[in-house]
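Novice: Okay, here's what each chain looks like letter by letter:
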Amino acid sequence: MRYSERELLSLSPLLNALFFAVLKKRLVKLVVNFLFYFRTDEAEPIGALLLEHCKITREEENVFSISFIEEPDRKYFFECDTEEQCQEWIEALRRASYEFMRRSLIFYRNEIQKMTGKDPLEQYGISEEARFQLGTRKL
Amino acid sequence: MKLHETSVLGYSRMAAPPDRQGRLYKKSERTSSYQRRWCELRGNLLFYWERQGDREPLGLILLEGCTVELQESATEPFTFEISYTQGPLRHRAYKMAAEDQASMEGWVRALSSASFKYLQALLTDLEGQYWASGALRATPLEEGAAQGSPLVSAVGLPDFEGLHRQFGEEMMKLRARWREGRAGGDQTAQGDLIDLE
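Line by line, the protein sequences are chains H and W. Residue numbering for the first sequence follows numbering that gives the first Met the number 0, beginning at 0 and increasing consecutively. Residue numbering for the second sequence follows numbering that gives the first Met the number 0, beginning at 0 and increasing consecutively.
Honestly, the hints are just simulated from the structure, not real lab data. One or more hints might be untrue.
Only part of the chain W face toward chain H is listed, based on derived beta-carbon distances under 7 angstroms [stated by the list, open to error]:
(1) 67
(2) 111
(3) 115
Stretches of chain W that chain H covers, calculated by requiring three or more beta carbons in the stretch to come under 8 angstroms of a beta carbon on chain H [to be verified]:
(4) 3 to 9
(5) 53 to 60
(6) 120 to 130
Values in this document were obtained by computation on a predicted structure and should not be read as measured data. Cβ atoms here follow ideal geometry from the backbone N, Cα and C, with glycine treated the same way.
Taking the hints into account, I'd like the entire structure generated from these sequences.
Specialist: Structure below.
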C-alpha cells in the first residue's frame, strides 16, 4: 500500500519522551493521531503507528500497552521512567484519535444544543455533515 | 520508515461508514493520465482502492497541513488539487477529478475540513462554549479520565492563524534536522522516498 513518507514526516511533534519499548530505547513522538518512533540519535523515524481503533491499557507499574481492535492479542509495550509520565502518556494517547475527538464533539454539540437550544455547529456551516451527526456512530 | 499497516488497514475497515466515499480520478505522476479510483475519506486519511469492494487499498493520502483547491481548467473539468502549502513541503500535489460539479464541490468541502487539527480547534471551541454555558451537572466519565474535565482536548491552541504559524515553524525545524541527518551520511532510508503512482 502506497503512502507518502514526506507527508507523515512533515507533521510537527507536539509531545515527545524518551522511553524503553520492548527493551529498546526509543524516542517517541505523538503527532496528531500518529505515534512516531525514532532511534535516539536519528532525525528520521523508524516507524509510525496510527492511533485509531486501538486500546491503551495500563499494565504493570510504569508500563502501558497499545493494542489494535483487529489484533487484540498483539500488544506493544512501553515502559516509562516514572508512574506520572506513564499516566500522562496514557491520557494523551487515548485522546489522540480522530474518532475520540469526533465522539467528544458530538457529545458537546448535543449538550450545548440541550442547554442553549442552539446548534453550535451552525455558525461554521457544518451542521448537516454526516460525520458530526448523533446516532450514526456508537458513543 | 515503516508505516504500521495493521493499524492503518484496521482503521480503513472500521464498521462505521466513512465520512465520504465515491469515485474519483487520480492523476498519475508517472503517466499524467487520470486513473479511476474508489475513494473513502475517514478522519484525516483519504484511502483509495482500484475498485469498490477490493480488500487492499492501493494507497492513502494524509490530510494534515494541506490545502484543497478547485482547478480552473478547460481541458480537465471538475478537477481539484490537494497540496501542501508550507515551504519545505511544497512537493508533488495530488490532482484529482470528480465526475461532476456537485461531486467535486462535495469532495473539496469534505477534504478541506478533514484534518485532525481542524477538528481539534473545533472541539476546543465547543468545549469552551460548553463550560461557559454553565454546565455544572455530572458529565459522563471515561475510564481513566482526569477528574473534572473528562473530555479535555490534548493541546489548547489559540486560533487558526497561530496554529498555522506554529505548524510552519516546527515543520521547517524538523525538515532541517532531517536534511542534516541525511547529509551526515547516517542513512536509514533506501534511496528516494516512496514513489507514488
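Novice: Of all the hints given earlier, name the ones this structure violates by number, lowest first.
Specialist: 1 and 2
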